[in-house]
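Q: As a plain string of letters, each chain reads:
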Amino acid sequence: MTRPVNDSPPEEAAVHLLDAVTLPCGAEVDPLLEQVADGRAADLDAHQRECVHCQAAIAEFTALWAPVAETAARPVPAPPGLTAAVMSQIRVLVRDVWYTLQTANLGVIRIAARIVATRARDAARTVPGVRVALGRSTHGKVAALAERATFQHHHPHAAVGVLGRTAVVDLAVAVSYGEPVHEVARHIQRQVIATLRDEIGLQTVAVNVIIDDVLIGEDQ
Amino acid sequence: MQPGPEVGDAYLVTRARDGYLDAYEILVQRHSAMAYRVALRLCGRHHDAQDIAQEALIAAWENLARFNGDSSFSTWLYQIVTRRALNKITRGQTPDPTNPLDDVTDPVTEPAVQAERNLAVDAVTQALATLPFPQRTVVVLHHLEGLSYAEVAEVTHSSVPAVRSHLFRARRTLGKKLAEWR
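From first to last, the protein sequence lines stand for chains A and B. For the first sequence, my numbering assigns the number 1 to the initial residue and increments by one for each residue that follows. For the second sequence, my numbering assigns the number 221 to the initial residue and increments by one for each residue that follows.
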């Protein structure tokens, strides 16, 4: 302790306290500051319960550290659009150039394979027992870009392949523990085929369902 | 797409490495706020923080194959964000602590209380900016992000004694700066 703190203005008292190595009682300053900063100010040990110097220092540090605790508690949301910007850049790296092609009197309708994958995924998620469903929309040469980034070999059942009004959809699914897996898989296939037929107009759809995880409880 | 709260990060990382962008999108949704928040507290400027968070999340995807799963995805992302923040700062862009959190509002709090809280947060941001980067990093990770000493040591490729040593010095400096502000 370099000098008594009791006669100083509050800010000076705090600075003197922070310049000291120990309090008049012999207690070290750093552990006290750590105790307060880690949110353990109320956890007084036997010495601190009897010591006015320690109690005064803890009270001072608690007031001093309040803005830090406040900052920690303050939510800082991600800027709007951050996720979209990240995924947009990644999709540029793995651009899906495959489209469904439907010709009609009014012109040609092209729907990107990733849209097919998205709708298939969303349809699969409505099936009871499905905890998560992921659709993959990389294909062929395009998948090579993703493989280069992830060093993964091309999956044998890769992707959504679309040709005209035909599509092959690949879905990775995790189901809840206790659900009849084969029934869930059949349900997913029926649901996805119906959705792609009714909403996108695809006529021939094959759905490869890969049940690759069974989840227990709230989180895994 | 809604984040999938029911599956863990490890499952999503595995699927993302298989090429399922959906899986990585859920990871981005889960962790983008953390990436931005840490970058903001380290560099002090909204636009820099946004750039750092975006670059870090893309770099994490590009390097998924190198992520061996020994640590959690969030720990790995903390490492990438702090490294990129340091790169940005050492390239000569010094923190500008002037109202860095102006665009972060809390609609529930009364305006007067909100203003007081903004002052407190600004004071902490300015005090943080005076710390050497290694000390700033451990304060942000431990006291603002709530990571344990061991987790901070893992993120910073350091040791628990080194983390505690940085924290001891940083707390004294921060305390003096905050005493001036009071």
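Hints listed in this document are in silico derivations from the structure and should not be mistaken for laboratory results. It should be emphasised that the depicted structure is a prediction, and the values quoted were computed from it without experimental measurement. Treat the hints with caution; some may be incorrect.
[Said to hold, decoys possible] Chain B stretches covered by chain A per the calculated footprint, using a threshold of three residues with CB under 8 Å from any CB of chain A: (1) 228-238; (2) 250-257; (3) 290-296; (4) 299-305; (5) 367-378; (6) 390-398.
Where is the CB? At the ideal position from N, CA and C, for every residue including glycine.
Q: Against each hint, give a clear statement of whether it holds in the structure.
A: Checked hints:
Coverage of the stretch 228-238 of chain B by chain A holds. Counting CB-CB distances below 8 Å, 7 residues qualify, and the rule asks for three or more. Counting residues of the stretch 250-257 of chain B whose CB lies closer than 8 Å to any CB of chain A gives 5, so the stated coverage by that chain holds, three being the minimum. Proximity of the stretch 290-296 of chain B to chain A, defined as three or more residues with a beta carbon under 8 Å from a beta carbon of that chain, is not established by the 0 residues found. Using a Cβ-Cβ cut-off of 8 Å, 0 residues of the stretch 299-305 of chain B lie near chain A, which falls short of the minimum of three, so the contact claim is violated.
Coverage of the stretch 367-378 of chain B by chain A is violated. Counting CB-CB distances below 8 Å, 0 residues qualify, and the rule asks for three or more. Residues of the stretch 390-398 of chain B with a Cβ under 8 Å from some Cβ of chain A number 6, which satisfies the need for three, so the listed coverage holds.
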